[in-house]
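Engineer: This is what each chain is made of:
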Amino acid sequence: MPLSLTEESYLNGSLSQRPPCRPDGRDQLQFRPIDAAAGILPTTNGSARIRLDDGGECIVGVKAEVITVSGSSDDVHVEVDCDIVGIPANSPMQNLLCSTLETALKNSLPSDLLRITNKYRFKIFVDGIILDHVSHPLTLFSMTTYLALLDTRLPRLAPDSLGEQDNDKDEIGIPQFSSDWADSDRLCKSWSPPLVQHGIIVGKNVFVDATGEEAEVSDGGLLTIWHNGRVVGLRVVNTRDSSKQVFSINIIGNAVEVLANASREIEKGLKGIRTS
Amino acid sequence: MPITVNASNDLFSSTSFSSRASRPAKDEFDGEDVAMSDAESAEAEAIDVDEDDDDDDDERLFSLDHNENGDGDARVTGVVKSRHIVTPGELVTADSMWMRGHGTYSVGTKSYSSVAGTITRVNKLLSVAPLRGRYDPKIGDHVVGRIIDVGTRSWHVDIGAKQAAVLMLGSVNLPGGVQRRKSESDELQMRAFLKEGDLLNAEVQAVFTDGAASLHTRSLNYGKLRNGYFFTIPSSLVVRSKYHTFELPGGVDLVLGVNGYLWLRKHTQPLAEQGVSITRIAEEAGWEIYSDENEYISVNLRDTIARYANAIKALAYCEVGVNEARILAAYEASKEYKSPGEMIENNVKKRIAKYVLLSTKG
Numbered sequence: 241m242p243l244s245l246t247e248e249s250y251l252n253g254s255l256s257q258r259p260p261c262r263p264d265g266r267d268q269l270q271f272r273p274i275d276a277a278a279g280i281l282p283t284t285n286g287s288a289r290i291r292l293d294d295g296g297e298c299i300v301g302v303k304a305e306v307i308t309v310s311g312s313s314d315d316v317h318v319e320v321d322c323d324i325v326g327i328p329a330n331s332p333m334q335n336l337l338c339s340t341l342e343t344a345l346k347n348s349l350p351s352d353l354l355r356i357t358n359k360y361r362f363k364i365f366v367d368g369i370i371l372d373h374v375s376h377p378l379t380l381f382s383m384t385t386y387l388a389l390l391d392t393r394l395p396r397l398a399p400d401s402l403g404e405q406d407n408d409k410d411e412i413g414i415p416q417f418s419s420d421w422a423d424s425d426r427l428c429k430s431w432s433p434p435l436v437q438h439g440i441i442v443g444k445n446v447f448v449d450a451t452g453e454e455a456e457v458s459d460g461g462l463l464t465i466w467h468n469g470r471v472v473g474l475r476v477v478n479t480r481d482s483s484k485q486v487f488s489i490n491i492i493g494n495a496v497e498v499l500a501n502a503s504r505e506i507e508k509g510l511k512g513i514r515t516s
Numbered sequence: 010m011p012i013t014v015n016a017s018n019d020l021f022s023s024t025s026f027s028s029r030a031s032r033p034a035k036d037e038f039d040g041e042d043v044a045m046s047d048a049e050s051a052e053a054e055a056i057d058v059d060e061d062d063d064d065d066d067d068e069r070l071f072s073l074d075h076n077e078n079g080d081g082d083a084r085v086t087g088v089v090k091s092r093h094i095v096t097p098g099e100l101v102t103a104d105s106m107w108m109r110g111h112g113t114y115s116v117g118t119k120s121y122s123s124v125a126g127t128i129t130r131v132n133k134l135l136s137v138a139p140l141r142g143r144y145d146p147k148i149g150d151h152v153v154g155r156i157i158d159v160g161t162r163s164w165h166v167d168i169g170a171k172q173a174a175v176l177m178l179g180s181v182n183l184p185g186g187v188q189r190r191k192s193e194s195d196e197l198q199m200r201a202f203l204k205e206g207d208l209l210n211a212e213v214q215a216v217f218t219d220g221a222a223s224l225h226t227r228s229l230n231y232g233k234l235r236n237g238y239f240f241t242i243p244s245s246l247v248v249r250s251k252y253h254t255f256e257l258p259g260g261v262d263l264v265l266g267v268n269g270y271l272w273l274r275k276h277t278q279p280l281a282e283q284g285v286s287i288t289r290i291a292e293e294a295g296w297e298i299y300s301d302e303n304e305y306i307s308v309n310l311r312d313t314i315a316r317y318a319n320a321i322k323a324l325a326y327c328e329v330g331v332n333e334a335r336i337l338a339a340y341e342a343s344k345e346y347k348s349p350g351e352m353i354e355n356n357v358k359k360r361i362a363k364y365v366l367l368s369t370k371g
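Those protein sequence lines, which keep their order, are chains C and L.
Just so it is clear: in the first sequence, position 137 is 377 by this note's numbering, and no numbers are missing.
Just so it is clear: in the second sequence, position 340 is 349 by this note's numbering, and no numbers are missing.
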C-alpha cells in the first residue's frame with residue numbers, strides 16, 4: 241500500500257532532520273521489544289522462534305545429516321532455505337534471505353566442526369519459515385537462525401563404535417552415534433554464528449529495526465554481516481520500488497559503525513536466552 | 010427443566026438486576042472489561058431487550074454438557090448467560106428452537122459457534138458477536154480511509170472493512186462550491202483530487218446489503234488529510250462517541266476513525282473559524298483542500314505526535330478501549346518518560362494503561 245504524498249513528506253522530514261525523530265520516538269539504535277524462545281521443535285537439532293512487536297514471526301529449525309565426502313575436502317556443507325508466507329517461492333526476497341545467510345554461514349563456520357571422520361561429515365540444514373512480517377524480514381530471520389544455531393547440538397560418536405586404538409577413529413565404517421542425547425556437543429562451543437543486520441538510510445541518518453513505513457520513505461538499505469566482533473560483509477539493498485534509491489557514499493562508514501553497534505547489542509541479548 | 014419457573018425467575022431477575030446496577034461502571038471503567046467494544050455494548054442492550062422474555066427458555070440456552078442433565082446450578086448459568094464467551098466449534102445450544110444468526114453454524118439440531126465472541130440473542134435469534142475482527146461499517150460512522158483505486162465516477166477506499174468502501178464523485182466537495190453539478194471535466198481529473206494512497210476522513214453515508222459502505226466528505230470537517238501521521242489500532246477498541254475529532258493539548262489534532270484508523274496532525278484552524286462566513290465557506294473551498302503540501306511542522310510537534318501515537322498504542326496493547334478522556338490521561342502519564350521512545354517497552358505500556366484506568370475511573 242503506497243503512502244500518501246503528505247505522509248511521505250512528514251515521515252521523510254522527521255527522519256532526515258538532525259537529530260531525527262522517528263514516528264514512534266525511538267532512538268536510531270533502539271529495537272522494538274522481541275519475544276524469543278529456543279528449543280521449541282523437539283525433532284530438530286536446534287530450533288528457535290522470534291516474534292516481533294509488529295506481529296512479525298519467524299521459526300527456524302536446524303537439522304544435521306551425515307553425508308559422505310570423497311577425499312578430505314574442507315568444504316562446509318550448509319543449506320539455508322526459508323519460506324515467507326505471502327511471498328511466492330523463488331522470489332527475490334527469498335533468494336536474498338537464503339543466499340546472504342548461506343554465504344555468511346559458509347564463510348564463518350570452520351569445517352572441522354562438522355567433521356566426523358575422514359569420510360563422513362555433518363551437513364547442516366537451516367530451514368526457516370517467516371509466518372508474518374511487516375518490516376524487512378532479514379534481521380528477523382538472521383536473529384532466529386542465530387538463536388537456533390546456539391541451540392544446536394550434534395551427537396557424539398558412540399564410544400564402542402570406535403576402534404581399539406584412538407587412531408582407528410578415521411578408519412571406521414558407518415559412524416555409530418551415542419543413543420544418549422545428553423552425550424552431545426554444542427555446535428557453538430567455540431564458534432559463534434554470524435548475524436545479519438538490516439539498516440535504512442534517510443538523509444544522513446541510519447536506523448535499525450525500521451518499520452515498514454520508515455523503510456518506505458528511506459533512501460536505501462544496507463546489510464552488514466557481523467561475525468566475531470566485527471563487520472565482515474556488506475550489501476546494499478533496495479527498500480522500496482521507487483527509483484529514488486541513492487545515498488551518499490560518505491554515509492556508509494557511519495552506517496557500518498551504527499549497525500555494528502546494534503549487532504553487538506543483539507548478540508549480547510541473544511546469548512542471554514536460555515537454550516535447551 | 011427440573012427447576013421450577015419460580016426459582017429461575019427469582020434468580021434471573023436478581024442477576025439481571027445486579028448486572029444492570031454494575032453496568033455503567035463496567036462499560037466505561039472496569040479494569041477487566043475495558044476492552045468492551047461497541048459490539049459488546051450492543052450485546053448488553055440485546056440482553057436488556059429480552060430480559061422479560063419467558064425465563065424457562067433461559068435454562069435451555071447454553072445447556073452445555075456439564076449441566077445438561079438439569080441439576081442446573083442456576084446461579085452459575087445465570088452469570089454465564091450475560092457474559093458467555095464461546096470459542097469456535099463450541100456448542101452454543103442443543104435446542105432446535107433457536108434461530109441461528111451470524112457467527113453460528115448447525116449440525117443436526119445443535120448450534121455451534123463459528124467465531125470467538127459473546128453470545129447475543131434477540132428474541133429467538135441467536136448469534137455470536139466476534140471479539141475481534143474486521144470493522145463493520147454503520148451509517149454515520151466517522152472513518153479514516155486510504156484510496157486504493159480510482160474508478161469511473163468513484164474511488165475505492167480501504168477502511169479496514171471486509172470490502173472496500175465506495176466514495177462517489179458526487180459525494181465530495183469539489184473546488185468551486187459544494188452545490189455545483191459534477192461535470193465531465195471533473196470526471197477526467199479525479200486523480201487531481203484524490204489519488205491512490207491518499208488518506209481522507211469521511212462519514213459512512215450508506216451501507217449496502219453486502220456490507221460494503223458508501224462514504225461522503227460533503228462537509229469541510231471531512232476530506233484529504235495532511236500535516237500528520239497515520240497509524241492503526243484494532244477497530245473493536247475504538248469507543249463510539251458523538252465526536253471523533255479532538256483538539257488535544259500540545260497543538261495536536263486527532264481524528265479517531267471508528268474503523269481503528271487514526272490520524273494525528275498539527276492543529277489547524279477549521280476553515281469556518283478563519284473569519285469566513287458560513288454561506289461563503291462553500292465558495293471559499295478552493296483547491297487547497299486537495300493540497301499535497303504539508304505546512305511547516307516543528308521538531309517539538311513531531312515529538313508530541315510521536316508521544317500521542319505511542320500513548321494510544323500503549324492503550325491498544327493493553328486492550329483498553331480508546332476515547333478522548335483516556336487519550337488525555339495516557340498523554341499525561343507519558344510525561345513521566347522523557348523520550349517517547351521509552352514507551353515502546355511492554356512494561357511501560359502496561360504502567361500507562363494502569364494509570365489511565367485508575368485516573369479515568371471518575
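Misleading hints may appear alongside valid ones.
Below, in silico cross-link-like pairs of lysine-lysine (DSS-like), each with a Cα-Cα straight-line distance of 27 Å or less [to be verified]:
hint, chain 1, residue 1, chain 2, residue 2
1, L, K347, L, K359
2, L, K370, L, K344
3, C, K444, L, K347
4, C, K511, C, K359
5, L, K147, L, K204
6, C, K508, L, K359
Don't read these hints as lab results, they were simulated from the structure.
Engineer: Each of the hints needs a verdict: does it hold here or not?
Structural biologist: Against the structure, the hints:
The straight-line distance between the Cα atoms of K347 of chain L and K359 of chain L is roughly 17 Å, inside the 27 Å bound, and the hint therefore holds. Between K370 of chain L and K344 of chain L, the direct Cα distance comes to roughly 20 Å. Compliance with the 27 Å bound is thereby established for this hinted pair. With a C-alpha separation of about 25 Å, the suggested pairing of K444 of chain C with K347 of chain L holds against the 27 Å cut-off. Between the alpha carbons of K511 of chain C and K359 of chain C the distance comes to roughly 33 Å, so the proposed pair goes past 27 Å and is violated.
Distance restraint check for K147 of chain L and K204 of chain L: the Cα-Cα separation of roughly 25 Å lies within the 27 Å cut-off, and the hinted pair is therefore satisfied. Simply put, K508 of chain C and K359 of chain L have alpha-carbon atoms about 26 Å apart, close enough for the 27 Å limit, and the pair holds.
When each numbered hint is compared with the structure, a violation occurs for hint 4 only.
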